[in-house]
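Colleague: Here are the chains, one letter per residue:
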Amino acid sequence: MFKAEIKSETLKGLVNIISTLIDEVKFTITPEGMTLKAVDPAHVAMIELKVGAKAFESYSASETEIGLDLDKVKMVLKLAGQGDLIAMEQDESKGRFVFTIGNITRSMSMVDTSSMSDPKVPQLSLSANAVILVDQLQKGIRAAESISDHIALRADPGFFELSCEGDTDDASLKLKGSDVESLEVPSAVHSLFPLDYFSNLVKAIPAGTKVKVELDSDFPVKLVFGLANGEASVVYFLAPRIESD
Amino acid sequence: MFKAEIKSETLKGLVNIISTLIDEVKFTITPEGMTLKAVDPAHVAMIELKVGAKAFESYSASETEIGLDLDKVKMVLKLAGQGDLIAMEQDESKGRFVFTIGNITRSMSMVDTSSMSDPKVPQLSLSANAVILVDQLQKGIRAAESISDHIALRADPGFFELSCEGDTDDASLKLKGSDVESLEVPSAVHSLFPLDYFSNLVKAIPAGTKVKVELDSDFPVKLVFGLANGEASVVYFLAPRIESD
Amino acid sequence: MFKAEIKSETLKGLVNIISTLIDEVKFTITPEGMTLKAVDPAHVAMIELKVGAKAFESYSASETEIGLDLDKVKMVLKLAGQGDLIAMEQDESKGRFVFTIGNITRSMSMVDTSSMSDPKVPQLSLSANAVILVDQLQKGIRAAESISDHIALRADPGFFELSCEGDTDDASLKLKGSDVESLEVPSAVHSLFPLDYFSNLVKAIPAGTKVKVELDSDFPVKLVFGLANGEASVVYFLAPRIESD
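Residue numbers (this note's numbering), protein chains in the order written: chain H, 1005 to 1249; chain L, 1005 to 1249; chain D, 1005 to 1249.
By construction, these hints were calculated from the structure, which means they are not laboratory data.
All values derive from a computational prediction rather than experimental measurement.
Beta carbons: idealized from backbone N, C-alpha and C, even for Gly.
Errors might be hidden in some of the hints.
Restricting the straight-line Cα-Cα distance to at most 27 angstroms, the calculated cross-link-like pairs of lysine-lysine (BS3-like) are [said to hold, decoys possible]: (1) L:K1016 <-> D:K1007; (2) L:K1078 <-> D:K1207; (3) H:K1178 <-> D:K1098; (4) H:K1098 <-> H:K1011; (5) L:K1082 <-> L:K1016; (6) D:K1178 <-> L:K1011; (7) H:K1082 <-> L:K1178; (8) L:K1178 <-> H:K1098; (9) D:K1016 <-> D:K1078; (10) H:K1124 <-> H:K1098; (11) H:K1178 <-> D:K1007; (12) L:K1082 <-> D:K1007; (13) H:K1082 <-> H:K1098; (14) L:K1082 <-> D:K1207; (15) H:K1011 <-> L:K1216; (16) H:K1082 <-> H:K1011; (17) L:K1007 <-> D:K1178; (18) D:K1098 <-> D:K1016; (19) L:K1011 <-> L:K1098.
Residues of chain D clear of chain H, computed beta-carbon distances all greater than 10 angstroms [stated by the list, open to error]: (20) D1027; (21) H1047; (22) Q1094; (23) V1135; (24) F1163; (25) D1173; (26) P1224.
Part of the chain D face toward chain H, derived, beta carbon under 7 angstroms [claimed, not checked]: (27) L1083; (28) Q1086; (29) N1107; (30) I1108; (31) T1109; (32) M1112; (33) S1113; (34) K1214.
Model the full structure from these sequences, guided by the hints.
Modeller: What follows is the structure, encoded as structure tokens:
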């Protein structure tokens, strides 16, 4: 059983983040909230999302699983105006999921989740971490675009840098002092990542969000941030591209 | 003879409605105003437009016919700013129609109307009618999009409903109480219509317009509404898709 | 040696004008400022641009040449916000040109200028001239679009006219009285020009700019205007299309 109401802005924020990785998703529902663990088809990135019951305006659920096609949920979101409440209800008898926005009712068949297994979230101990406003990361991505398919992240005791090297062109964004919220780097580390994955995720994070970036040399990068006024949390892993010498 | 001035917004509103059906049109001109009757090439929909002389800022005409290509008229409208007056004049000697906007003169050859006959406007007595703000109809269309090629209109003594049924998904907008301006339905009726025709017309109607919807089971739907502060009136018929059992 | 700072808006204005003609450009640098002379690949139009040191926020240079790909410079401009300062520096040792915007560094290889020769600027004495707000020229272009590939410019002792004749349609913008800033026309002249060249340039000129148009019959038209608060000047020549009788 699942029945809840959520602000359209909150649902939109969650869907924007998840849909950078996958279209068909399985939400695991408990009385305390919903969680989602997913990897992209190429197994390059993984997302773990936890949404507490308090992120919803009303929430009532027993343990269940709900499979949804996010492309369809995005169409539902387009029907909602700023500030609209979206009511959601699982109709187990018909295998349908029903959204209600004011006098609109929109129902869709649920996606079969029986073949969707939860990926294992890696336990990594990464030596460096920085807390950075997502707006800075977004600026670094814009500078890197059209130069290379990869972006280098570098953490140094004195700065955090996003950079990109092409055959004829370079771009770099160096963050230090008040450009970073916090910086804990015992010794310099850096890794190279696919720009498209990194860019899709970072652009989907709302402006003003503080993102914790955990980094090590030739390890996945781990991004941690909150959504829905802190009632939802996201952990995102992105595999590095190992540079051959 | 035809010579008139009209506000660019008024002309734009008229052209937007007509061009949902056809590109080349024949206006029948009299000293009292202009009228247009047209069906689309597939004979699925018909429009009857009457524009009184008072919809114009100035108007002087004898009985004549004017054939215009609406795609060209749309380009003229792009030259006009908010609040601009558009002067129009038929140049019979050259077979041209001349628009003047400030210091711009734009003339175009008229379309030959000799082969354009006026369609007969059907006399239908439809049992149910509802007056609905076009914004509600537009909301119903947005909900129906991408679910099916057809939209069902249903009038019930207690409500008016737009709905759409797909293989896996449904959408419905149910209007009742203050959602409708008036509702006269002796007994429940419903018909199915092609979504693209209905959507193109309804989206072209300015927000805030009240539309009278006349409906019966397996009959055309008749939409009646005013434009140009009530100085122009539109009657639109759309043929139903008969459901086979 | 070249090292300078410029407001992003100023650099954007200059790049917009030049890139209507060519993508790879050679700037000739002196301690007093930079100049550029270029023709388009089809030799239909020529531009001569002079940017004084005062157009920059800071400027320090010895005589040199700098070759740049304007498509890349446009990408740099997208990284700058309203009011941002862009620092530029030639790195001769690496053959690189380096832009800095706040904490972003963007370097690009310079284009080889050895094969780029300066075109000769023609010395023409054109009998008629008019000073016209670019907004009027832009309006005339909009009216001419989709009627013909050519636009006629006509200077008369009493008016200046942009017009276009198609097979079935005509458009004309007639400027007189307060529509023109000044008008010196001993006797009527007119020439025909390719609309795409004229349109691309005129649309790139900022609204509110006064443009001096020098015209004669079957001669190139010469457009003269200032940019960067008058600290930069542009002379543009466009070859006529000679009408055959």
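Colleague: Taking the hints in turn, state whether each one holds.
Modeller: Hint check results:
1. At most 27 angstroms may separate the alpha-carbon atoms for a hinted pair to count; L:K1016 and D:K1007 exceed this at roughly 53 angstroms.
2. Annotation: proposed proximity of L:K1078 to D:K1207 holds, straight-line Cα distance about 21 angstroms (limit 27 angstroms).
3. A hinted pair counts as satisfied when its Cα atoms are at most 27 angstroms apart, and H:K1178 with D:K1098 qualifies at roughly 21 angstroms.
4. Taking the CA atoms of H:K1098 and H:K1011, the gap is about 26 angstroms. The hint holds against a cut of 27 angstroms.
5. For the hint pairing L:K1082 with L:K1016, the CA-to-CA distance comes to about 9 angstroms; that is within 27 angstroms, so the pair holds.
6. Distance check on the hinted pair: D:K1178 and L:K1011 sit about 21 angstroms apart at the alpha-carbon level, within 27 angstroms; holds.
7. A hinted pair counts as satisfied when its Cα atoms are at most 27 angstroms apart, and H:K1082 with L:K1178 qualifies at roughly 18 angstroms.
8. Among the hinted pairs, L:K1178 with H:K1098 is consistent with the structure: their alpha-carbon atoms are about 21 angstroms apart, no more than 27 angstroms.
9. Using a Cα cut-off of 27 angstroms, the hinted pair D:K1016 and D:K1078 holds, with the two alpha carbons roughly 8 angstroms apart.
10. Using a Cα cut-off of 27 angstroms, the hinted pair H:K1124 and H:K1098 is violated, with the two alpha carbons roughly 32 angstroms apart.
11. Between the alpha carbons of H:K1178 and D:K1007 the distance comes to roughly 21 angstroms, so the proposed pair stays at or under 27 angstroms and holds.
12. A C-alpha spacing of about 45 angstroms is found between L:K1082 and D:K1007, which places the hinted pair above 27 angstroms, so the restraint is violated.
13. Straight-line distance between C-alpha atoms of H:K1082 and H:K1098 comes to about 25 angstroms, which keeps the hinted pair within the 27 angstroms bound.
14. Between L:K1082 and D:K1207 the alpha-carbon distance is near 16 angstroms, which keeps this suggested pair within the 27 angstroms criterion.
15. The hinted pair formed by H:K1011 and L:K1216 fails the criterion: a straight-line CA distance of about 34 angstroms is larger than 27 angstroms.
16. A C-alpha spacing of about 13 angstroms is found between H:K1082 and H:K1011, which places the hinted pair at or below 27 angstroms, so the restraint holds.
17. Distance restraint check for L:K1007 and D:K1178: the Cα-Cα separation of roughly 21 angstroms lies within the 27 angstroms cut-off, and the hinted pair is therefore satisfied.
18. For the given pair, D:K1098 sits about 26 angstroms from D:K1016 by alpha-carbon distance, which is consistent with the 27 angstroms threshold.
19. Proposed proximity of L:K1011 and L:K1098 is supported: the alpha carbons are some 26 angstroms apart, at most 27 angstroms.
20. The claim that D:D1027 lies off the interface holds: its Cβ sits roughly 15 angstroms from the closest Cβ of chain H, which is beyond the 10 angstroms cut-off.
21. Taking the minimum C-beta to C-beta distance to chain H, about 29 angstroms, the non-interface status of D:H1047 holds against the 10 angstroms cut.
22. Under the 10 angstroms C-beta cut-off, the non-interface status given to D:Q1094 relative to chain H holds; the minimum distance is some 15 angstroms.
23. For D:V1135, the non-interface assignment is confirmed: its Cβ lies about 40 angstroms from the closest Cβ of chain H, beyond the 10 angstroms cut-off.
24. The beta carbon of D:F1163 sits about 48 angstroms from the closest Cβ of chain H, which is more than 10 angstroms, so the claim that it is off the interface holds.
25. Consistency note on D:D1173: stated as away from chain H, and its beta-carbon is indeed over 10 angstroms from all of that chain's, at 39 angstroms minimum.
26. In this structure D:P1224 is separated from chain H by more than 10 angstroms, as the shortest Cβ-Cβ distance comes to about 37 angstroms.
27. Because the closest C-beta pair between D:L1083 and chain H is about 6 angstroms apart, less than 7 angstroms, the hint holds.
28. Annotation: interface hint on D:Q1086 violated; nearest CB of chain H at approximately 15 angstroms, more than 7 angstroms.
29. At about 6 angstroms, the closest approach between the beta carbon of D:N1107 and any beta carbon in chain H falls short of 7 angstroms, and the interface hint on this residue holds.
30. Hint on D:I1108 holds. Least Cβ distance to chain H is approximately 5 angstroms, under the 7 angstroms limit.
31. Checking D:T1109 against chain H: minimum C-beta separation of about 5 angstroms stays under 7 angstroms; hint holds.
32. Taking 7 angstroms as the C-beta cut-off, the interface hint given for D:M1112 holds, the closest approach to chain H being about 5 angstroms.
33. At about 4 angstroms, the closest approach between the beta carbon of D:S1113 and any beta carbon in chain H falls short of 7 angstroms, and the interface hint on this residue holds.
34. Annotation: D:K1214 was flagged as interfacial toward chain H, and the flag is violated, the nearest CB pair being 35 angstroms apart, outside 7 angstroms.
Hint compliance for this structure: hints 1, 10, 12, 15, 28 and 34 are broken, all remaining hints hold.
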